[in-house]
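With chain A's structure known, arrange chain B on it following the hints.
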Amino acid sequence: MGVRLVEIVERVKNRPGGLPGVDLARLNLKVGKALSRLAAVMADDPVLVACAERAAKEIISEGDTQ
Amino acid sequence: MAIDEQKIIEAVSQLGISGNEEGLIPAFGLYLTQHMADYYNRISFAMAHRLERTPELIDDGQTLLMEAGHGCAFHTFGGIMKSAEWDAVVRPMLQTKEDWVYGMTAVVNTFGWGRWAVRDLVPGQRLVVTVQDSYEAAGYLRDYPRSASPRCYLATGGVAGLMNLLYVGDITQGPELSDAYYKQVFRSPSRFVGTEVLCRAVGDPLCLFIAQRLP
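Protein chains in written order, with numbering that gives the first Met the number 0: chain A, 0 to 65; chain B, 0 to 214.
Among the hints, a few may not be true.
[Claimed, not checked] No more than 30 angstroms apart at the CA atoms, straight line, and that leaves these computed lysine-lysine pairs for DSS-like: (1) A:K12 / A:K32; (2) A:K56 / A:K29; (3) B:K182 / A:K12; (4) B:K182 / A:K56; (5) A:K32 / B:K182.
Derived from the structure by calculation, the hints contain no laboratory data.
Same shape as in the complex, but just chain A:
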């Protein structure tokens, strides 16, 4: 259940220099689902995983430029 989604959430949550609460809220809004709270009980739907990957990369790369 949601193994890849959980991994994406953890990656965003633990990004160096991030603000976990803010970063996860942004992830949720970009994806349109409360991934940070529900990833563990959601299926790894390929479309959703791809969307979450894109959002995570955006959030993490923005942090890299700061």
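Same frame as chain A, now just chain B:
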């Protein structure tokens, strides 16, 4: 407590603070923005209302709107408390760290954000602030029906941010207000978080905010 709020309001009011042709207000060593409160209100409430169509995202929207308040507190309140104007007008009255809270709320009361008052301050632990005529709640009530939940997102983050500046960081020591310092303060496991307990937008007579440390 040595803070003379009326004296601060009168002094700041005489500084001639006003916006320039670019919509900026150069004051306190900062560039404040001069724009209609309704502008900020309407984009905030539109975002909140849009997210309310997806109930599972409501908390995330509120988190980000309050984060704007954290940033405002850090840069605006922090910048003010490091400014020459603060040194000239407020600092002579400061005797304790708690006085900085009262001094800052006095300055806020020159901005037209509503009438802020410290109802309770437990040093290093808790701040309770009331706001009469909050521009956020007033704007909400003018444009929308009575709300089911509090709407003063910026003030909620601002109250928490003020406590973080003083008791997680230490603005009294004049730190550089850098991105790294922001993250140090607002990532702290002992940081303050704000809650709006009463709000005019839901029918309360005034707005009341509590900032306390993360449990």
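Proposed proximity, K182 (chain B) with K32 (chain A) (alpha carbon, max 30 angstroms): holds (26 angstroms)
Proposed proximity, K56 (chain A) with K182 (chain B) (alpha carbon, max 30 angstroms): With Cα atoms ~20 angstroms apart, K182 (chain B) and K56 (chain A) stay inside 30 angstroms; holds.
Distance restraint between K12 (chain A) and K32 (chain A), which requires alpha-carbon spacing of 30 angstroms or less: Holds, at about 16 angstroms.
Holds or violated: K182 (chain B) to K12 (chain A), with C-alpha atoms at most 30 angstroms apart: Within the cut-off at roughly 14 angstroms; holds.
Given pair status - K29 (chain A), K56 (chain A), alpha carbons within 30 angstroms: holds (11 angstroms)
Of the numbered hints given earlier, the model fails none.
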